[in-house]
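Chain L: place on chain B using the hints.
Protein sequence lines correspond, in order, to chains B and L.
Just so you know, numbering that gives the first Met the number 0 puts 11 at position 12 of the first sequence, and the rest follows in order with no gaps.
Just so you know, numbering that gives the first Met the number 0 puts 27 at position 28 of the second sequence, and the rest follows in order with no gaps.
Simulated from the structure, these hints should not be mistaken for lab results.
These numbers come from a predicted model, not from an experiment.
Some hints here could point you the wrong way.
[What the hints assert, rightly or not] Below, in silico cross-link-like pairs of lysine-lysine (DSS-like), each with a Cα-Cα straight-line distance of 30 angstroms or less:
1. B:K111 / L:K75
2. L:K75 / L:K133
3. L:K109 / B:K103
4. B:K54 / L:K75
5. L:K57 / L:K115
6. L:K75 / B:K36
7. L:K100 / L:K57
8. B:K74 / B:K54
9. B:K74 / B:K44
10. L:K75 / B:K87
11. L:K82 / B:K44
12. L:K100 / B:K36
13. L:K75 / L:K115
14. B:K103 / L:K82
15. B:K87 / B:K44
16. L:K57 / B:K36
17. L:K82 / B:K54
18. L:K65 / L:K109
19. B:K36 / B:K103
20. L:K133 / L:K109
21. L:K82 / B:K87
22. B:K74 / L:K75
23. B:K74 / B:K103
24. B:K74 / L:K115
25. L:K115 / B:K54
26. L:K100 / L:K115
27. B:K74 / B:K36
28. B:K103 / B:K44
29. L:K57 / L:K75
30. B:K36 / B:K87
31. L:K100 / L:K75
32. B:K44 / B:K111
33. L:K109 / B:K54
34. L:K100 / B:K87
35. B:K87 / B:K103
36. B:K54 / L:K100
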Amino acid sequence: MTAKPTKSRPVFTPATDVFEREDAFLLICSLPGVEEKDLDIHLEKNELTLTATQKEHAPEGFDQLVDGYRSGVFKRSFALSNGIDQSKADAQLTDGVLRLTLPKVPDEQPRKIPVNCS
Amino acid sequence: MNRKRNYSWDPFRDVSQLQNELSDLFTHYGETEYPPMNIWSNGSELLVSAELPGLEIKNLDVSVNKDVLTIQGANKANEAEDKTICHRNERGYGNFSRAVKLPYPVDVSKVGANYKLGVLTVRLPRSEESKPRKIAITAA
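So that you can see chain L by itself, here it is in the shape it has in the complex:
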């Protein structure tokens, strides 16, 4: 919402804000992005982790383009044997792809990825050009 500089009372402001919040709630309701991802930053590098249990590394593809990280892959279906009865199928399988925009460009040559215990961890150092520089202020 645009915040107006003029704070005069608008009888519909709260109502329209509520309307926006409610419609946002339903637009994304039930949508879960796969894989679930956590992102951390310490200012000079990013850590991205994603839960991807039971994946083969050859079916996993991680790519970075400036400040966009893409994780793609495929979850294999369970081996279907003859006369096997499926009582419960919750884990799901198939292809997935998820791209996230990173808060700053990263040095693509120094990105490292690791897959352990079904969790993918990607370490992305910030690119030198994007690091903040302190500007000296001179008094006239």
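Pulled out of the complex, with its shape left as it was, chain B reads as follows:
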């Protein structure tokens, strides 16, 4: 499913936590008001792009009294390092929070190269 942002809606940068474990990177991203079908995660080369469209929540027949936040489109890109196994990436969206796990390639550990003297 592709989320299609319209030009008239504001674009926000979602607040994101990035953690690194021994075996994977973990991205936790706040996307309130976003349904699974409106979230698009795009991985190309070493760039990860998130596009998430919030549901319009203006109720019909109501006047807005307090305008504390607007709804729109969340958009953000991250540069990934080479050591990530992109095919094993896993994404979960629960209660407006995206948890994206990006496993590291196992043989990315540093290797010692033996030097032969002849």
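Using the frame of chain B, we list chain L on its own:
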């Protein structure tokens, strides 16, 4: 600012208004109330929505007292595992509390709250006593 009935020219009026506006600007600069909230009304009921991504309902407390709505809760910190490196921490965590005064008293027994997709929505019907009543005018 107090608006005077006498509109005679006051050379300092505009200057002092500007001064007030500038000081208001800096008093609240950078302050963002958490959670961000929108409020709608259709005359007979209020709708309040607040963005609270990733909250557990048991950590969320919504209470109403006549015309004051209070939303309190706690955002849990991310699970800290051993050897975890934090590269970016933008989401923040901790306790929060926000109270807002509503434009009219509400019927506390009929208030309903719902949490979906990380957004809290509270529906607050106006109390019967506070609804406007039309007064019939009789001609003498």
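Does K109 (chain L) lie within 30 angstroms of K133 (chain L) when you go C-alpha to C-alpha?
holds, 24 angstroms
Given the proposed pairing of K57 (chain L) with K115 (chain L), does the C-alpha separation stay at or below 30 angstroms?
Given pair K57 (chain L), K115 (chain L) holds - Cα atoms ~14 angstroms apart, limit 30 angstroms.
Is K74 (chain B) close enough to K75 (chain L), meaning Cα to Cα at most 30 angstroms?
holds, 24 angstroms
Can you confirm whether the C-alpha distance between K44 (chain B) and K111 (chain B) stays at or below 30 angstroms?
Given pair K44 (chain B), K111 (chain B) holds - Cα atoms ~28 angstroms apart, limit 30 angstroms.
Pair hint outcome, K103 (chain B) versus K82 (chain L) [Cα-Cα no greater than 30 angstroms]
Between K103 (chain B) and K82 (chain L) the Cα gap is close to 15 angstroms, so the pair holds against 30 angstroms.
Would you mind confirming whether the straight-line C-alpha gap from K74 (chain B) to K115 (chain L) stays at or under 30 angstroms?
holds, 21 angstroms
So if I understand the rule, the pair passes when the alpha-carbon distance is 30 angstroms or less; does K111 (chain B) with K75 (chain L) pass?
violated, 42 angstroms
For the pair supplied as a hint, K75 (chain L) and K36 (chain B), is the alpha-carbon distance within the 30 angstroms limit?
Distance ~26 angstroms between K75 (chain L) and K36 (chain B) Cα, so the pair holds.
Are K115 (chain L) and K54 (chain B) close enough, with their CA atoms no more than 30 angstroms apart?
Holds - the C-alpha atoms of K54 (chain B) and K115 (chain L) are around 11 angstroms apart, at most 30 angstroms.
Holds or violated: are the alpha carbons of K100 (chain L) and K87 (chain B) at most 30 angstroms from each other?
violated, 49 angstroms
Given hint K87 (chain B) paired with K36 (chain B) - CA-CA distance at most 30 angstroms:
holds, 20 angstroms
If you draw a straight line from the CA of K57 (chain L) to the CA of K75 (chain L), is it 30 angstroms or shorter?
Holds, at about 12 angstroms.
Hints 1, 2, 3, 12, 17 and 34 from the earlier list are contradicted by this structure; the remaining hints agree with it.
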